[in-house]
Amino acid sequence: MSMETETVVARLKSSGLFRTKGLIGGKWIDAYDGKTIKVYNPANGEVITSVACMGERETKDAISSAYDAFTNWSKLTASDRSNRLRKWYNLLIEHKEELGQLITLEQGKPLKEAIGEVVYGASFIEFFAEEAKRVNGDILPSPLPDRRLFVLKQPVGVVGAITPWNFPLAMITRKVGPALACGCTVVIKPSELTPLSALAAAELALQSGIPPGVLNVVMGDAPKIGNSLLESPQ
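Position 211 of the sequence shown, counted from 1, bears residue number 211 in full-length UniProt numbering, the numbering being contiguous throughout.
It is worth saying that the hints were derived from the structure and are not from the lab. Among these hints, one or two may not hold up.
Across the chosen pairs, the derived CB separations fall in these ranges [to be verified]:
(1) Arg11 to Val47: 15 to 23 Å
(2) Gly116 to Leu149: 43 to 51 Å
(3) Leu140 to Leu111: 50 to 58 Å
(4) Asp138 to Lys27: 37 to 45 Å
(5) Asp138 to Lys38: 49 to 57 Å
(6) Asn90 to Glu56: 33 to 41 Å
(7) Ile93 to Ser14: 13 to 21 Å
(8) Ala78 to Arg147: 26 to 34 Å
Backbone N, C-alpha and C fix where the C-beta goes; we use that ideal spot for every residue, glycine too.
Please model the complete structure; the sequences and the hints are all you need to start from.
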């Protein structure tokens with residue numbers, strides 16, 4: 001590992017943003033079988049670190065954790081969910097330099113663009129923090145006399161979010177923001193090429209007061225994780 005990479009990693013570790021384990025139920029967890037995968041710097045091919053290589057069992061547990069957390073999260077007031085999302089947005093902006101360096105390190109885009117992605121990605125959380133307070137229903141005229149149609153919008157449950165390598169932070173916030181704002185819980189499967197940005201964003205979500213189990217992250221064996229997300233009855 002080069003001195004420049006070591007410096008960035010050390011800075012991220014000191015801020016608590018350099019995570020290599022999956023997040024299930026608010027806890028940072030290794031793969032159950034101990035397997036790991038290497039994360040490379042695409043600019044020079046050097047290994048940045050190794051992260052947990054998760055699969056079917058970990059994904060099922062993450063889904064169960066999100067399912068259990070759904071009841072309480074969905075019952076919070078819209079204002080409460082909005083405030084927590086706003087805190088997450090503030091933390092993303094506060095740490096935009098470190099997050100930008102992390103994106104550059106594992107994804108390869110220029111630092112200016114990487115920091116720009118953090119600001120862009122954070123804007124989704126900012127937007128949906130406000131939209132959380134505007135999940136409005138409706139009353140419609142009925143074709144039958146003396147009746148009205150009442151529209152009530154409710155969260156659907158656990159959401160699976162599979163995100164790509166090219167925008168490793170912004171595509172997460174774009175999916176997670178509306179889900180959390182509506183009262184849903186989430187299991188994120190980031191690209192195994194760029195998992196570090198997702199894990200750092202999840203750490204900041206925990207710091208913002210988003211409860212354990214509401215946001216989970218599993219990475220590793222893409223087919224097994226994807227199939228588990230699609231096949232789950234929860």
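Hint by hint, which ones does this structure get wrong, listed from lowest number up?
none
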